[in-house]
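Fit chain F to the given chain L structure using the hints.
Number of protein chains: 2
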Amino acid sequence: MRVCCTIAKEVPPAAAHKAAAAPQFEEQQQQEQEQEYGSRVINFAAGPAILPANVIKKAQSELYNWRGSGMSIMEMSHRGKEFLSVIQQAEADLRDLLKIPENYEVLFLQGGATTQFSAIPLNLCTSDDTADFIVTGSWGDKAFKEAQKYCKGKVVWTGKAEKYSSIPNQSELNVTVGAKYLHICANETIHGVEYKDYPSTGNDTLLVADMSSNFCSKPVDVSKFGLIYAGAQKNIGPAGVTIVIVRKDLIGKAQPSTPIMMDYKIHSENRSLYNTPPCFAIYMCGLVFGDLLSQGGLEAIERKNVEKAELLYDAIDASEGFYKCPVEKNVRSLMNVPFTMATPEMEAQFIKEASAQGMVQLKGHRSVGGIRASIYNAMPRAGVERLVAHMKAFQARHI
Amino acid sequence: MRVCCTIAKEVPPAAAHKAAAAPQFEEQQQQEQEQEYGSRVINFAAGPAILPANVIKKAQSELYNWRGSGMSIMEMSHRGKEFLSVIQQAEADLRDLLKIPENYEVLFLQGGATTQFSAIPLNLCTSDDTADFIVTGSWGDKAFKEAQKYCKGKVVWTGKAEKYSSIPNQSELNVTVGAKYLHICANETIHGVEYKDYPSTGNDTLLVADMSSNFCSKPVDVSKFGLIYAGAQKNIGPAGVTIVIVRKDLIGKAQPSTPIMMDYKIHSENRSLYNTPPCFAIYMCGLVFGDLLSQGGLEAIERKNVEKAELLYDAIDASEGFYKCPVEKNVRSLMNVPFTMATPEMEAQFIKEASAQGMVQLKGHRSVGGIRASIYNAMPRAGVERLVAHMKAFQARHI
Chain L
1 MRVCCTIAKE VPPAAAHKAA AAPQFEEQQQ QEQEQEYGSR VINFAAGPAI LPANVIKKAQ
61 SELYNWRGSG MSIMEMSHRG KEFLSVIQQA EADLRDLLKI PENYEVLFLQ GGATTQFSAI
121 PLNLCTSDDT ADFIVTGSWG DKAFKEAQKY CKGKVVWTGK AEKYSSIPNQ SELNVTVGAK
181 YLHICANETI HGVEYKDYPS TGNDTLLVAD MSSNFCSKPV DVSKFGLIYA GAQKNIGPAG
241 VTIVIVRKDL IGKAQPSTPI MMDYKIHSEN RSLYNTPPCF AIYMCGLVFG DLLSQGGLEA
301 IERKNVEKAE LLYDAIDASE GFYKCPVEKN VRSLMNVPFT MATPEMEAQF IKEASAQGMV
361 QLKGHRSVGG IRASIYNAMP RAGVERLVAH MKAFQARHI
Chain F
1 MRVCCTIAKE VPPAAAHKAA AAPQFEEQQQ QEQEQEYGSR VINFAAGPAI LPANVIKKAQ
61 SELYNWRGSG MSIMEMSHRG KEFLSVIQQA EADLRDLLKI PENYEVLFLQ GGATTQFSAI
121 PLNLCTSDDT ADFIVTGSWG DKAFKEAQKY CKGKVVWTGK AEKYSSIPNQ SELNVTVGAK
181 YLHICANETI HGVEYKDYPS TGNDTLLVAD MSSNFCSKPV DVSKFGLIYA GAQKNIGPAG
241 VTIVIVRKDL IGKAQPSTPI MMDYKIHSEN RSLYNTPPCF AIYMCGLVFG DLLSQGGLEA
301 IERKNVEKAE LLYDAIDASE GFYKCPVEKN VRSLMNVPFT MATPEMEAQF IKEASAQGMV
361 QLKGHRSVGG IRASIYNAMP RAGVERLVAH MKAFQARHI
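Note that the protein sequences, when read in sequence, are chains L and F. Going by my numbering, the first sequence opens with residue 1, and the numbers climb by one from there. Going by my numbering, the second sequence opens with residue 1, and the numbers climb by one from there.
The shape of chain L in the complex, shown without the other chains (with noise of 0.2 Å):
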């Protein structure tokens, strides 16, 4: 922390402002965690992944019996006024999170974002639309793929012969005229490549983003969408369930073929209610939810991660190639940071290290290999300067 202070008076106002703020308030952070939360590892899984702890203790102390019910939100009916009061608020508390416009819909759905690669072009496409792939990961190319089968889906980029790196400026897409929408994957949890910019789409084409792995990481404009999903167990909750933020006048026009469950019309006439939806897991995210807001909702969230972010890139910069990351500077992703050492061995036994830290789930996807390092919302700076020491002294010990 002194070396960060110190550095922090050399640079401009502003900057230093919050260079020297920032580490007061998370060392306090951490501190408390450590006091009120002790025996927690640090939690580097790319989803299901680490939420904050402060919200599972809260779930904790009112698993058996929920706000004097008698019961716990497991066992309440879902049309029961006391889970309506917990659907409402965490729609009502992302809609102000996102500044979700009144024309969008919010849906709390089940299936994952694979369900989506599905609903999606049953709802807005006839079978003889067209739409658009901007393929900058794994996510992208599987919705790309499950697509076709029910509209012409056409891949405008694809990142694929550099192994997934970057992402294209405008002038590389060779977009479709009249084209349904456009889909991106706002980041690629296996590769680490996050949009920093959105691209144009022509005026009749939607913008389409799978936002699951940096969903309510930083300000979205959603005005610019036809619709946003996410899987929530990136970032704001555990597995299964899936929001759709989608503009109200795109709804109802589904293919005939359309599974009752992937109508976004049932499910928006029912407000999410039309069968039984997973509660618990909705109710954890209304959890995280407010705790996002409690913090100061999405901008001061995306500050904390771009530090927590720059501290670990600039360590692997740092190491003169002892790291590598693959993943062009301009579009790293806040989120999941991907690197790489001299072998697959050396990283082996960095994992191994780190894991006696109680640094977990620091090995790549078994696609691509390497570590990865996911820092979502809940990871404390904290548990990534503890990253970064030992990223130091590994390399200390093998030059």
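Take the hints with a grain of salt, since some may be wrong.
The list treats identical chains as interchangeable, and a pair is accepted whether it falls inside one copy or across any two copies.
Here are the computed lysine-lysine pairs in the PhoX-like style, where the Cα-Cα straight-line distance is at most 25 Å [to be verified]: (1) K218 - K248; (2) K265 - K81; (3) K253 - K152; (4) K265 - K149; (5) K352 - K81; (6) K145 - K253.
To be clear, the hints were calculated from the coordinates, so they are not data collected in a lab.
Here is chain F on its own, set in the frame of chain L:
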């Protein structure tokens, strides 16, 4: 309890044993529950519904730090050894409980029974195949309507004209020769009618059953069925996970337009881990399965359920028409007991007074009105006894 034991002495030895042993056990259970688990209401909800108090206590105790892992069960990779041990144990225990043959797959899916209304015809039929439906209530009707999108659905019997109060004999069924499957709803949650014996089908026709609201309430000969499915939130866990038990040779023939998340082949090949499953809900089901085994398995559970249901139906039938159950006696549900009174006003008063005594969620489904007491596995006998006492006292005040 005294009355109960006195009566027991006058009935045949086997029944006497049952009647004498059960109250002792239940009395002890009730005492333990009141000591250990005070502050809980008696929860007659139809689903999401009551869960075993000891299971919720267990989940609460390890919610923050699952078995020394330093993480919540909600924060773990679904591919890590910790969660794999959870889902594998849950499956093994369910196989043990239901004696599921080796040639059946067990899948943990999302989206509720309603998702299966689409998935079943998509997986089992071509669009030219016929599927027969016996409609004994609202859920069977919904299953039929959805199936018509994907095959030739045909109603071979419906109880609609009698407001779904019975189940047909084999001779009443006008089944289709060569139908791909015959669909039944084993227990209609809203109407309270339950199959005691299952219909026979021709050699080429599979029997398919929605067992959402009586799953694991009694033994079932799985080998009689092509497919059994059940949303968890009635009898075995929280909302958000659906169990599908399907004969292995039926997997792999999905229609080309089947959404990837509805293709049983995908889930079978990936052991329910194609994408992130609803980990917490699966964990909870696993705890419930373990609890059922520790109680002696489904034979023991069925005995308790029969006793609880008899208590309640006997009270209704002994009321000289003050309380009326619309369901034919031979198919009354062990799980959902609907009854009516002379006027809706009187029913409302009954529910209000019950609530004041800690008995909640007794209101009938909005589509049928009246009163409904759901007495799933986790409802202690003492809860039913209190309801019966309220019924008698209420009647005494109103005649």
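Here's how the hints hold up against the structure:
no.	hint	verdict
1	K218 - K248	within (24 Å within a copy, 46 Å between copies)
2	K265 - K81	within (24 Å within a copy, 40 Å between copies)
3	K253 - K152	both (17 Å within a copy, 24 Å between copies)
4	K265 - K149	both (21 Å within a copy, 17 Å between copies)
5	K352 - K81	between (49 Å within a copy, 15 Å between copies)
6	K145 - K253	both (22 Å within a copy, 19 Å between copies)
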